[in-house]
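Chemist: Residue-level listing of the chains:
2 protein chains.
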Amino acid sequence: MIGIFDSGIGGLTVVKEVLRQLPNYQIVYFGDTARTPYGSKSPETVTKYALQDAQFLIDQGAQIIIVACHTASAVAAEELKKRLAVPIFEVVSPAIRKALAVTTKKRLGIIGTSATIASGIYQRRLKEADRELELITQACPLFVPLVEERWVKKPETKMIARRYLYPLKLKQIDTLVLACTHYPLMREIIQQKIGQRVKLVDPAAEVVQEVGQYLKQHPELEQKLTRGQEHKFYVSDITDKTRQSAKDWLERPVRLEKHLLE
Amino acid sequence: MIGIFDSGIGGLTVVKEVLRQLPNYQIVYFGDTARTPYGSKSPETVTKYALQDAQFLIDQGAQIIIVACHTASAVAAEELKKRLAVPIFEVVSPAIRKALAVTTKKRLGIIGTSATIASGIYQRRLKEADRELELITQACPLFVPLVEERWVKKPETKMIARRYLYPLKLKQIDTLVLACTHYPLMREIIQQKIGQRVKLVDPAAEVVQEVGQYLKQHPELEQKLTRGQEHKFYVSDITDKTRQSAKDWLERPVRLEKHLLE
Chain R
0 MIGIFDSGIG
10 GLTVVKEVLR
20 QLPNYQIVYF
30 GDTARTPYGS
40 KSPETVTKYA
50 LQDAQFLIDQ
60 GAQIIIVACH
70 TASAVAAEEL
80 KKRLAVPIFE
90 VVSPAIRKAL
100 AVTTKKRLGI
110 IGTSATIASG
120 IYQRRLKEAD
130 RELELITQAC
140 PLFVPLVEER
150 WVKKPETKMI
160 ARRYLYPLKL
170 KQIDTLVLAC
180 THYPLMREII
190 QQKIGQRVKL
200 VDPAAEVVQE
210 VGQYLKQHPE
220 LEQKLTRGQE
230 HKFYVSDITD
240 KTRQSAKDWL
250 ERPVRLEKHL
260 LE
Chain U
0 MIGIFDSGIG
10 GLTVVKEVLR
20 QLPNYQIVYF
30 GDTARTPYGS
40 KSPETVTKYA
50 LQDAQFLIDQ
60 GAQIIIVACH
70 TASAVAAEEL
80 KKRLAVPIFE
90 VVSPAIRKAL
100 AVTTKKRLGI
110 IGTSATIASG
120 IYQRRLKEAD
130 RELELITQAC
140 PLFVPLVEER
150 WVKKPETKMI
160 ARRYLYPLKL
170 KQIDTLVLAC
180 THYPLMREII
190 QQKIGQRVKL
200 VDPAAEVVQE
210 VGQYLKQHPE
220 LEQKLTRGQE
230 HKFYVSDITD
240 KTRQSAKDWL
250 ERPVRLEKHL
260 LE
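As given, the protein sequences belong to chains R and U, one line each in that order. At position 223 of the first sequence the residue is numbered 222 (numbering that gives the first Met the number 0), and the sequence of numbers has no breaks. At position 53 of the second sequence the residue is numbered 52 (numbering that gives the first Met the number 0), and the sequence of numbers has no breaks.
For reference, chain R alone in the conformation it holds in the complex:
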């Protein structure tokens, strides 16, 4: 089984990509809705939660794990790789590779939660890859609640997007990394405010492509990987809103099961 976890149900954007790119394998998902969001919390707390999330997926039979949450990818992926026996994929590395591949003017923007941006991981790893890059980062903490409130098409959202993105537009970035699971859900408005010529990098698509390549290179794992369409979706808390958003974002019916960690 392919295990995928996130701080909430935003990681269903990664599930959608797995269903599109790797449709044969069985998926087990965990969304930590009882402790969401991770983006405003400290690295120690996020690492602790991420280890519990990943261990739960392994207990359910996950043979590889995708960390859909950018905050957890940014601050906890190394610890997960050290401590767990299954291959761990995180969203930061493939997003970085893609951004480096598509930028032409070497002017990159990165938007994410406060914790992801404060972690400095994108800045550090992009600079390591190419010292000439010009990077502009911006935390956009209101994007997640706006998406969750279903206000994506409202004028307030457009104003807020303009306020967050204006400094990046001024610097004439040519590529923008959407470093949060929720941001692809407001892709249109981001594209509109940053300008049509700026290329958007969606890490969900990239990480799943990376997993596909890894499976090609590791046929022994690929052959063992459970097939099937009986995907399992666990969350640590359920409300009507969670159910509705899960269905909307995955664009198909989904049965959520509650499982409390701790």
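I should point out that these hints are in silico values taken from the structure, not numbers from a laboratory. Some hints could be false.
Same chains, same names: a pair is fine if it fits in one copy or spans any two.
[Stated by the list, open to error] Within a straight-line C-alpha distance of at most 20 Å, the following computed SDA-like cross-link-like pairs (lysine to any residue) qualify:
#, residue 1, residue 2
1, 152, 162
2, 152, 163
3, 152, 165
4, 198, 131
Computed from a predicted structure; not experimentally measured.
Starting from the structure of chain R, add chain U where the hints point.
Modeler: Structure of chain U alone, referenced to chain R:
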């Protein structure tokens, strides 16, 4: 000691009222910043967290407890009263009493988190008190992130406040209950958008007044209550933003100590 807990540091608005109205007693505070917010989570999860929060305060020496969090007050107060041996004060009852006392036209508005509004507790209890009341409720899930982002004075916040409050203004309410710890921090903009003639009820002020009256009526408890200015502030997660907001909202320096529950 007076114990006060909240899902995060918004409950410091209640601490401020205790310092103002009951300045002699020692305070112990707990903010569950590792699992904040409660407002979007299910009643079962909020009740579980609230019981852990209150028990922690009792373990630290709390002799009475104020539930500063409206969501926890709305969904978990009865359970806390049943299970714990110290007097429990919650913010809903005093807010209701105050609202009933100040309304003249019996047209009341209530704004809060999704969980508080969905709990229906204000609607139910106000109707029990006076069947002729006309109630208009509105969940305002973006207010908390706007306050936490320090965007209170920004035009986007004014637009969002107008969108949320317009239906209440149309119904010509004469009294508005601010049923979330964060809302007093944007009181000015709420007053401006709902209209200057509408009376705002701040439950933080009301619950502390209720505690003061209770202590007058229970001198045996009042005499045992620990005095002192060495207040203790615990949170389950600390970031720079938490520290900064705590200082700003309390309007004095504050030393936060980390304590993880579970």
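Chemist: Run every hint past the structure and note whether it holds.
Modeler: Each hint, compared with the structure:
| no. | hint | result |
| --- | --- | --- |
| 1 | 152 - 162 | both (16 Å within a copy, 14 Å between copies) |
| 2 | 152 - 163 | both (16 Å within a copy, 16 Å between copies) |
| 3 | 152 - 165 | both (19 Å within a copy, 19 Å between copies) |
| 4 | 198 - 131 | within (19 Å within a copy, 58 Å between copies) |
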